[in-house]
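Colleague: The residues making up each chain are set out below.
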Amino acid sequence: MSGPRRSTPRRNLIADPGNPALYTNRAMARLKLSQWDNAIADCHECLRLAPDSMKAHYSLSQAHLALRAYDDALAHALKAHGLCVAAADKSLATITAHVLRCKMDRWNDMERRRVRETSDLEAEMLAMLGRARDEAVREAAAAAADQDEGTRREIGAEWDAKIGRLRAVFEDARPQKEKLRVVPDWAIDDISFCFMADPVITKTGKSYERASIIEHLRRQPTDPLTREPLYPSELRPNLDLKQACDEFLAENGWAADW
Amino acid sequence: MSAQFATKRLGKELQKIRNSRLPPGIELVSAENLEEWLLDIQVLDDNPLYQNQTYRLKFRFGSTYPIEPPEVVFVKLSDRPIPMHPHIYSNGIICLDLLGQQGWSPVQNVESVCMSLQSMLTGNSKNERPPGDDDFVRANQLRPKDIEFYYHDNTV
Numbered sequence: 001m002s003g004p005r006r007s008t009p010r011r012n013l014i015a016d017p018g019n020p021a022l023y024t025n026r027a028m029a030r031l032k033l034s035q036w037d038n039a040i041a042d043c044h045e046c047l048r049l050a051p052d053s054m055k056a057h058y059s060l061s062q063a064h065l066a067l068r069a070y071d072d073a074l075a076h077a078l079k080a081h082g083l084c085v086a087a088a089d090k091s092l093a094t095i096t097a098h099v100l101r102c103k104m105d106r107w108n109d110m111e112r113r114r115v116r117e118t119s120d121l122e123a124e125m126l127a128m129l130g131r132a133r134d135e136a137v138r139e140a141a142a143a144a145a146d147q148d149e150g151t152r153r154e155i156g157a158e159w160d161a162k163i164g165r166l167r168a169v170f171e172d173a174r175p176q177k178e179k180l181r182v183v184p185d186w187a188i189d190d191i192s193f194c195f196m197a198d199p200v201i202t203k204t205g206k207s208y209e210r211a212s213i214i215e216h217l218r219r220q221p222t223d224p225l226t227r228e229p230l231y232p233s234e235l236r237p238n239l240d241l242k243q244a245c246d247e248f249l250a251e252n253g254w255a256a257d258w
Numbered sequence: 001m002s003a004q005f006a007t008k009r010l011g012k013e014l015q016k017i018r019n020s021r022l023p024p025g026i027e028l029v030s031a032e033n034l035e036e037w038l039l040d041i042q043v044l045d046d047n048p049l050y051q052n053q054t055y056r057l058k059f060r061f062g063s064t065y066p067i068e069p070p071e072v073v074f075v076k077l078s079d080r081p082i083p084m085h086p087h088i089y090s091n092g093i094i095c096l097d098l099l100g101q102q103g104w105s106p107v108q109n110v111e112s113v114c115m116s117l118q119s120m121l122t123g124n125s126k127n128e129r130p131p132g133d134d135d136f137v138r139a140n141q142l143r144p145k146d147i148e149f150y151y152h153d154n155t156v
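Chains as they are written, first to last, in the UniProt record's numbering: chain A, 1 to 258; chain B, 1 to 156.
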């Protein structure tokens with residue numbers, strides 16, 4: 001059963017090629033099967049028919065994330081988040097978590113690359129200095145046979161000191177990057193205790209993650225602190241806080257999973 | 001919100017408690033599975049009703065925590081009595097608006113609930129149970145948070 005079905009051209013499985021929902025449904029099935037490229041093709045087909053499909057952007061983001069295309073993953077995650085907010089869709093919490101995940105994976109990838117490049121650079125520089133040192137010692141020995149053992153040792157020691165200084169420079173650069181991993185309280189949502197991706201502010205001046213406060217207001221339209229009436233339409237994005245959160249995350253990507 | 005959000009938030013509350021310790025008179029006894037926590041509380045002033053006593057609290061968290069309140073009751077053990085209070089039934093069920101569907105707020109947490117209970121005891125001078133305690137304890141089959149308490153006396 002599974003044999004012939006797999007070889008069926010995939011276009012044939014879509015009963016109504018003009019219906020965008022069929023493509024996102026199949027994209028989601030293909031995500032589950034780890035068929036990333038096929039899922040991406042379905043999403044693009046859906047977006048051609050319905051450019052504002054939240055599900056298509058969300059699935060596309062998941063597929064890109066799996067393929068480690070972090071910039072694309074984040075771009076589509078943010079697009080899905082925006083559409084989700086506009087439609088007051090119930091999956092906001094899930095999509096918010098996905099946005100943070102994209103940011104963190106993207107940062108981790110950059111961090112891995114940075115660490116690898118730095119250690120490569122360090123190793124190469126040390127090897128170069130080592131070779132230069134050996135050569136200098138050799139040359140000194142060849143140029144003047146009358147030079148005594150002491151002079152040669154002096155030249156060697158000079159180069160060793162240079163090598164030591166280079167090591168120290170790299171060593172100094174390391175701890176600065178390995179800062180103490182503490183997330184500032186202002187970046188944490190008091191409802192989910194998660195890092196905020198899309199902070200919104202209430203009339204009382206307190207900010208929450210949009211997904212969390214919307215979830216609470218759905219159950220009870222009151223301000224969590226004052227219990228005064230509060231409706232989703234009264235929430236405002238806190239742009240300054242969002243910028244501060246984004247800046248902190250750009251430097252400390254691990255915080256997304258705090 | 002799905003269960004993973006409750007688990008995540010509880011994990012973080014636990015981490016915070018372990019990193020920075022609880023206020024005096026509140027101690028975490030266990031939180032082995034995240035859905036049920038046990039804590040001990042004491043009243044630290046000289047209110048004669050509660051001196052030299054320790055009380056055991058049981059928190060149960062649903063998958064909708066912290067959007068919905070946890071279920072919080074006092075538990076009776078040989079060395080952990082149920083505190084005497086006009087809003088605490090002798091089976092450990094607590095009548096506190098903070099823990100009800102209306103009074104709960106998602107910015108509350110385990111620590112803040114314990115502190116509220118501490119101050120609820122501190123401020124009490126009546127050595128009595130709620131009216132109808134015997135009948136309630138005998139007949140009640142509802143879960144604490146489904147009980148519609150009639151707040152007969154909001155001054156206590």
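If you're looking for bench data, these hints aren't it; they were derived computationally from the structure. Some clues are possibly wrong.
[To be verified] The calculated EDC-like cross-link candidates involving lysine to aspartate or glutamate, where the alpha carbons are at most 20 Å apart (straight line), are:
{"no.": "1", "chain 1": "A", "residue 1": "Lys162", "chain 2": "A", "residue 2": "Glu124"}
{"no.": "2", "chain 1": "B", "residue 1": "Lys58", "chain 2": "B", "residue 2": "Glu32"}
{"no.": "3", "chain 1": "B", "residue 1": "Lys12", "chain 2": "A", "residue 2": "Glu139"}
{"no.": "4", "chain 1": "B", "residue 1": "Lys16", "chain 2": "A", "residue 2": "Asp257"}
{"no.": "5", "chain 1": "A", "residue 1": "Lys90", "chain 2": "B", "residue 2": "Glu32"}
{"no.": "6", "chain 1": "B", "residue 1": "Lys8", "chain 2": "A", "residue 2": "Asp185"}
{"no.": "7", "chain 1": "B", "residue 1": "Lys12", "chain 2": "A", "residue 2": "Asp185"}
{"no.": "8", "chain 1": "B", "residue 1": "Lys8", "chain 2": "A", "residue 2": "Glu124"}
{"no.": "9", "chain 1": "A", "residue 1": "Lys162", "chain 2": "A", "residue 2": "Glu139"}
[Unchecked claim] Covered, in the sense of this in silico footprint (three residues per stretch, anywhere, with C-beta under 8 Å from a C-beta of chain B), are these stretches of chain A:
{"no.": "10", "region": "42-54"}
{"no.": "11", "region": "164-173"}
[Claimed, not checked] Restraint-style ranges between C-beta atoms, simulated for each label pair:
{"no.": "12", "chain 1": "B", "residue 1": "Lys58", "chain 2": "A", "residue 2": "Glu117", "range": "51 to 59 Å"}
{"no.": "13", "chain 1": "B", "residue 1": "Pro48", "chain 2": "A", "residue 2": "Ala87", "range": "35 to 43 Å"}
{"no.": "14", "chain 1": "A", "residue 1": "Gln243", "chain 2": "B", "residue 2": "Gly11", "range": "34 to 42 Å"}
{"no.": "15", "chain 1": "B", "residue 1": "Pro131", "chain 2": "A", "residue 2": "Ser233", "range": "53 to 61 Å"}
{"no.": "16", "chain 1": "A", "residue 1": "Val183", "chain 2": "B", "residue 2": "Arg60", "range": "41 to 49 Å"}
{"no.": "17", "chain 1": "B", "residue 1": "Thr122", "chain 2": "A", "residue 2": "Val183", "range": "28 to 36 Å"}
Backbone N, C-alpha and C define an ideal beta-carbon position, used for all residues, glycine too.
Colleague: Taken at face value, is the distance from the CA of glutamate 32/B to the CA of lysine 58/B at most 20 Å?
Modeller: 13 Å, holds
Colleague: Between lysine 16/B and aspartate 257/A, does the CA-CA distance stay at or below 20 Å?
Modeller: Roughly 15 Å between the alpha carbons, so the hint for lysine 16/B and aspartate 257/A holds.
Colleague: Is lysine 8/B close enough to aspartate 185/A, meaning Cα to Cα at most 20 Å?
Modeller: 17 Å, holds
Colleague: Would you say the C-beta atoms of proline 131/B and serine 233/A sit inside 53 to 61 Å of each other?
Modeller: 44 Å, violated
Colleague: Can you tell me whether the CB distance of proline 48/B to alanine 87/A sits inside 35 to 43 Å?
Modeller: With a Cβ separation near 59 Å, proline 48/B and alanine 87/A fall outside 35 to 43 Å, so the hint is violated.
Colleague: Could you say whether the range 34 to 42 Å given as a hint is met by the Cβ separation of glutamine 243/A and glycine 11/B?
Modeller: 28 Å, violated
Colleague: Is 28 to 36 Å right for how far apart the beta carbons of threonine 122/B and valine 183/A are?
Modeller: Since the Cβ atoms of threonine 122/B and valine 183/A sit about 34 Å apart, the hinted range of 28 to 36 Å holds.
Colleague: Is the Cα-Cα distance between lysine 162/A and glutamate 139/A 20 Å or less?
Modeller: At roughly 18 Å apart (the allowed maximum being 20 Å), glutamate 139/A and lysine 162/A satisfy the hint.
Colleague: Are valine 183/A and arginine 60/B spaced within 41 to 49 Å by their CB atoms?
Modeller: 29 Å, violated
Colleague: With the threshold set at 20 Å, check whether the alpha-carbon distance from lysine 12/B to glutamate 139/A stays at or below it.
Modeller: 64 Å, violated
Colleague: Need the status of pair lysine 8/B, glutamate 124/A: alpha-carbon distance at most 20 Å?
Modeller: Violated. Lysine 8/B to glutamate 124/A sits at ~44 Å, over the 20 Å cutoff.
Colleague: Sort out whether aspartate 185/A lies within 20 Å of lysine 12/B, counting only the CA atoms.
Modeller: Satisfied, since the Cα-Cα distance of roughly 13 Å is no more than 20 Å.
In the structure shown, a violation is registered for the earlier hints numbered 3, 5, 8, 10, 11, 13, 14, 15 and 16, in ascending order.
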